[in-house]
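S.K.: Please construct the entire structure, taking both the sequences and the accompanying hints into account.
Line order of the protein sequences matches chains E and Z.
FYI, the numbering used here numbers position 80 of the first sequence as 80, with every residue one higher than the one before it.
FYI, the numbering used here numbers position 292 of the second sequence as 292, with every residue one higher than the one before it.
Treat the hints as calculated values from the structure; they're not laboratory data.
Incorrect hints may have been included.
What the hints assert, rightly or not - Which chain E residues stay away from chain Z? Per the calculated CB distances, all over 10 Å, these:
#: 1; residue: 204
#: 2; residue: 209
#: 3; residue: 275
Said to hold, decoys possible - Here are the simulated DSS-like pairs of lysine-lysine, each with C-alpha atoms no more than 30 Å apart in a straight line:
#: 4; chain 1: Z; residue 1: 156; chain 2: Z; residue 2: 116
#: 5; chain 1: E; residue 1: 208; chain 2: Z; residue 2: 86
#: 6; chain 1: E; residue 1: 208; chain 2: Z; residue 2: 104
#: 7; chain 1: Z; residue 1: 183; chain 2: Z; residue 2: 269
#: 8; chain 1: Z; residue 1: 106; chain 2: E; residue 2: 208
#: 9; chain 1: Z; residue 1: 104; chain 2: E; residue 2: 186
#: 10; chain 1: Z; residue 1: 107; chain 2: Z; residue 2: 122
#: 11; chain 1: E; residue 1: 189; chain 2: Z; residue 2: 108
Owing to the predicted nature of the structure, the values given are computational and were not obtained by experimental measurement.
Even glycine gets a Cβ: it sits at the ideal position worked out from N, Cα and C.
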Amino acid sequence: MNTNKISKESLEKSSKNGLQVPHTLSVKWLSFPYLVWMIGFIIIPLIMIVYYGFTANEGGFTLSNLELIADPINQKALILALELSIVSTIICLLLAYPLAIILNNSKMKSNSFIVLIIILPMWMNFLLRTIAWQNILEKTGVLNNVLHFLHLPAVNIINTPTAIILGMVYNFLPFMVLPIYNVLIKIDKDVINAARDLGANTSQTFLKIILPLSLPGVVSGITMVFVPSLTTFVISSILGGSKIVLIGNVIEQQFRLGNWNTGSGLSLVLMVFILFSMTILSKYDKGSEGSNLW
Amino acid sequence: MTDNKLINLMNITKSFGDTVVLDDLNLYIRENEFVTLLGPSGCGKTTTLRIIGGFETPNKGQVIFEGKDITKLPPNERQLNTVFQKYALFSHMTIAENIAFGLKIKKKSKAYIQDKIKYALKLVNLDGFENRMPDSLSGGQQQRIAIARAIVNEPKVLLLDEPLGALDLKLRQDMQYELIRLKNELGITFVYVTHDQEEALTMSDTIVVMNQGYIQQIGTPEKIYNEPENAFVADFIGDSNIIPSIMVEDKLVTILGANFPCVDIGFGKNKPVDVVIRPEDIDLVKPEEGIITGRVTSLLFKGVHYEMEVMANGREWLVHSTDLSPVGSEVGIKVDPYDIQIMNKPESEDEQAAEIAQ
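M.R.: As structure tokens, this is what we get:
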């Protein structure tokens, strides 16, 4: 690599002059590509959003873009998005935790096989998965066909908040199962045995030992589900129709119409919510190694 | 010592999948004994301990505790406590909370718990460590906390699964003395698992030597060392010379063609047997004074003694002595009759169950 060559030469030169060049200098060069990526695709766009957010259409500093959140339609969209994403996260947690425990206790030797079947739905495109749910839930969709066959009344789930919650849970459940599962398998079986040995029954062992030790995984999972749910617009468009508008849809609309300023303003407000939630969540991840998704 | 059987394992069979780990094992443990289950990896000693603790259920057989059948009882209902090999401390709790765990489950009062924590930490020489976190402690300290956490519940029996395995030699030796002191102070029964025969010899009242799921011999450390009952025990404990020989008649054995007087009787006439002679029991003398003669082929200084190998009558003999004989010198081998241990040859690999010798 070009950069390595340079550092080697400069090292040789420096040592000839008697200068001490720290060894870490050559290692630091390896992070160069990622730094470029980070600056180009994360930091610069972020700065741009901040700029547009605080700038009016005609130019000049303004807070009006941010204040747009006070608009009743936008408020409704934000609150609905918060409600749906919180409900989805809770449902994911209630489904994922027992599943992770069952998988942890199973006699199946292959850890990678378990991880595979959880990730399998993710192999298919996110959009297609969501459209598939549309097919299932629509008025003449698969679900209603089955109900009709069983002589049960048809249900109208499509274009309701329920459909959106279903879509969110289905799409993001693996992101809750995996971090929790990864933390659970790392708990030494003898720690559980020690708790039992000291007199704890099954529920005491769970509440006092397993649950606290699994918290980093739970926090990781909650973050991986809540944030994409809160900001989604695809799930609400496909499963909610034009009737249900989430904050994600509002922002997407603004950008589609070319209103970069208002779009950015609303994005900034949304970012504040997310940062706020992450701060609260990080209090539960008391500096332990933090289990990431993979 | 009364013949009070505190724990009685009867006809215990345990398999993992296709592997039979324990086959019809019978063992009892008396009150206030320090019993060590000793054997190589895979001999079934840890499995036996876990069956006593309730972490494994035997496929066949019963575990009797104080006369009651506890085979199906889960670990949290047994009056035993365990010290695990890797300590298994609760990393999200402070040392005090770790120690108090069992007491809180038993719903003891705050005052009682506070007292007990202080007492336990004092007992293991870690006063003042209440608010530390387990990860900030060294291996030896963690081990002592694991012991404190177990004994604070005043169990009748303490189970220890190779607790000193991960410690360095000096610390291990210190901890061995600590454990003996604890046992005497607390007066509880210790069931100890290890593959280290020195540990077993140092600490135990009774050693149970195991191999491949069978008990090879049960006895005091002295008995196990000086009077091993078969080749496995002789070989596993200490260094030894094990030589196939012929028992001519009572008190006379032929080893590699030479007649050695010994003290064992009752083996029959002209019976093939195994003979065990400990290296420290061999005297190297002038060739004309020995029963057989040989040449020294190797000499090592081991600190405590010299270790020499002597080629005599077609076999390399291991000799320990504080006197050295140089390599290449001709020597005579002499063994006191009392130091020759005669053992029956095993009939088959499976014929390993020993009688309880006490």
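S.K.: State for each hint whether it applies.
M.R.: Evaluation of the provided hints:
no.	hint	in the structure
1	204	violated (6 Å)
2	209	violated (6 Å)
3	275	holds (27 Å)
4	Z:156 - Z:116	holds (17 Å)
5	E:208 - Z:86	holds (20 Å)
6	E:208 - Z:104	holds (11 Å)
7	Z:183 - Z:269	violated (47 Å)
8	Z:106 - E:208	holds (14 Å)
9	Z:104 - E:186	holds (26 Å)
10	Z:107 - Z:122	holds (23 Å)
11	E:189 - Z:108	holds (27 Å)
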